[in-house]
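Colleague: So the protein lines, in turn, are chains E and U.
For the record, in the first sequence the residue sitting at position 197 is 197 according to the numbering used here, with numbers rising by one throughout.
With positions in the second sequence counted from 1, the corresponding number in the numbering used here is that position plus 1000.
What the hints contain is simulated information worked out from the structure, not anything from laboratory work.
All of these numbers come straight from a predicted model, not from anything done at the bench.
One should not assume that every hint holds.
Unchecked claim - DSBU-like mimics (lysine-lysine), calculated; alpha carbons at most 35 Å apart, straight line:
no., chain 1, residue 1, chain 2, residue 2
1, E, K198, U, K1034
2, E, K70, U, K1103
3, U, K1098, E, K75
4, U, K1083, E, K188
5, U, K1083, E, K72
6, U, K1109, E, K195
7, U, K1034, E, K222
8, E, K222, U, K1131
9, U, K1034, E, K75
10, U, K1086, U, K1049
11, E, K251, U, K1048
12, U, K1048, E, K188
13, E, K222, U, K1032
14, U, K1083, E, K56
15, U, K1103, E, K198
16, U, K1048, E, K198
17, U, K1131, E, K70
18, U, K1006, E, K198
19, U, K1104, E, K195
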Amino acid sequence: MSMDRRKFLKAAGLTTLVGLGGKGVFELLKPGAVEAEMTHGGHGEEGHGEKDAGPKVRWAMLIDVMALNKEKIEKIVHTCHHLHNVPNWGDPKNEIMWIWEDEYEHVFPDSYNEYNHILNGMPFLLMCNHCDNPPCVRVCPVQATFRRPDGIVAQDYHRCIGCRFCMAACPYGSRSFNWLDPRVHLEKEIAEGRKLNKRFPTRMRGVVEKCNFCVERLAEGKPPGCVEVAPDVMFFGNLADPNSNVRKILKERISLRRKLELGTKPSVFYLI
Amino acid sequence: MYDSGKVIIGLLIFAGIFLFPFLYNHGSPAAKPKPSLDTPAIKALPEKKCVEDTQFMITTHMQFLNNWRDQALRDGNRWYVNKEGKKVWISLQNTCLKCHSNKKEFCNKCHNYAGVDPYCWDCHYDPNGSKL
C-alpha cells in the first residue's frame, strides 16, 4: 500500500476533526443518542431509600436523655456487650465499644452551648447511628459493611479485611478495630466468671465491629437488647410507618440527631 | 569426574534421607476418619437425617454453608427450605451445632484428616464446649 504525503495529511486531518468534534458528528447523524447513552445506568439513580414510595421498614432508635442515669447506662452497656460477646479490654487502645457513654459537649460539638444547663452534664448514650447515607458503606473497598433494605448498616466479618477506612469515614466514632484476638481476652474474663452468650459468635483479630441494632434478635422477633433492659429509656421502631411507636413519640417530644449538617441522616434520636 | 567416589556416596546418602519418609509410610495409609454421630440430640431424632440427605451434606456442606451464610447475613433471610419443603433456621452455632454437639468428633475429625482449616471457627464456636 502506498500513500503520498498529501493523502496522508488529508486522512490525518479528517480523523483529528472527527476526534475533536466526535460528539458533534454523532449529534449530526443521530441527535440525542449520546446523552441517552451517558445518562442510562449512570449515577444519580440510586437514591437512599427515598425513591418511589420509600422502604416499608426503616428501623430507628430513640434515647430518652432525660430518663437516663449512670445506673441504667451501666446496665444497658453491660447487656449489649454481654449479648454480643464484646471483650472488656480495660484500656482505651484496644477498647471495643458497641454502646458507650459521653457528654453533651462531645456528642453535639456543632451545637454545643455552654449556657445550656439542662443538657450540660447529662449522660448521653452513643452507638452506631445506622445512617440513611452511611459514609462507612461508601468507603468500604470490599462491601463488608452494607446497608440493608430496613436501614440497618450491617457488618460482614467474613469479608472485612481490616483496612479501617470505615473507621476513618464514620463521623461518630462508632466503629472499633480488633487490634488483638478478642478470644484471648474473653477466655481470661471467662476464667474470672464472665458468662458468654453462646448463641452469638465472637470476632477475630483484624476486623472492625460496631452496633448491629441486634439484627440477630430482630430476626427472631425480639427487640434489641438495650430496649429490652431499659424500655423506659430506649425506644425502637419503624420510622417509615407514620403510626409507629417511634413516630408517635417524635411527634410529642423534641429530638436531636448528631451532626445533621453532614447529611448522613442518622436514625438514632435523642429525646430531650 | 574428580572425587567421584565421595560424590556418589554423598548423593546416595542424600537420596536415602530424602526418600526415607516416603518409603517409611508407603503402603500404610492413615485410617479414614469416621465422624461421630453419637450425640444426645441426634440419638433422640426419629430419623437420623440432616438438613439435606447425608451424601449431599458430605460432599457439598462447604458451598451449602457459604450459601447459608450469605443468605442469613447479606439477604437477612434466616429461613432455609430444604428439598422436602421443611423450614430450617439458618445458624451454624444454633442449628448445626445443636445436633452436632460434638465438634471435635464430628467437624474436626475430617478437617484434620483433609488438612483443611476452615475459618468458620475463628469466630463461631461450639456452644456445648467449655472452650472458645
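Colleague: Indicate, hint by hint, whether the structure satisfies it.
Modeller: Taking the hints in turn, this is what the structure says about them:
Between E:K198 and U:K1034, the direct Cα distance comes to roughly 27 Å. Compliance with the 35 Å bound is thereby established for this hinted pair. A C-alpha spacing of about 42 Å is found between E:K70 and U:K1103, which places the hinted pair above 35 Å, so the restraint is violated. Restraint check for U:K1098 and E:K75: satisfied, since their Cα atoms lie roughly 30 Å apart, inside the 35 Å limit. Restraint check: the Cα-Cα separation between U:K1083 and E:K188 comes to about 44 Å, which exceeds 35 Å; the hinted pair is violated.
Between U:K1083 and E:K72 the CA atoms are separated by roughly 48 Å; this puts the pair beyond 35 Å, and the hint is violated. Under the criterion of a C-alpha separation no larger than 35 Å, the hint pairing U:K1109 with E:K195 is consistent with the structure, at around 28 Å. Taken as a hint, the U:K1034 and E:K222 pair is broken in the structure, with Cα atoms around 40 Å apart against an allowance of 35 Å. Between the alpha carbons of E:K222 and U:K1131 the distance comes to roughly 28 Å, so the proposed pair stays at or under 35 Å and holds.
Under the criterion of a C-alpha separation no larger than 35 Å, the hint pairing U:K1034 with E:K75 is inconsistent with the structure, at around 47 Å. About 12 Å separates the Cα atoms of U:K1086 and U:K1049, which keeps this hinted pair within 35 Å; it holds. A distance of roughly 56 Å separates the Cα atoms of E:K251 and U:K1048; the hinted pair therefore is violated under the 35 Å criterion. For the proposed pair U:K1048 and E:K188, the alpha carbon gap of about 38 Å is over 35 Å, so the pair is violated.
Using a Cα cut-off of 35 Å, the hinted pair E:K222 and U:K1032 is violated, with the two alpha carbons roughly 44 Å apart. A C-alpha spacing of about 31 Å is found between U:K1083 and E:K56, which places the hinted pair at or below 35 Å, so the restraint holds. Note on U:K1103 and E:K198: the hinted pairing holds, with a Cα-Cα distance of about 14 Å set against a maximum of 35 Å. A C-alpha spacing of about 25 Å is found between U:K1048 and E:K198, which places the hinted pair at or below 35 Å, so the restraint holds.
Between the alpha carbons of U:K1131 and E:K70 the distance comes to roughly 34 Å, so the proposed pair stays at or under 35 Å and holds. Between the alpha carbons of U:K1006 and E:K198 the distance comes to roughly 65 Å, so the proposed pair goes past 35 Å and is violated. Using a Cα cut-off of 35 Å, the hinted pair U:K1104 and E:K195 holds, with the two alpha carbons roughly 22 Å apart.
The structure shown violates the earlier hints numbered 2, 4, 5, 7, 9, 11, 12, 13, 18.
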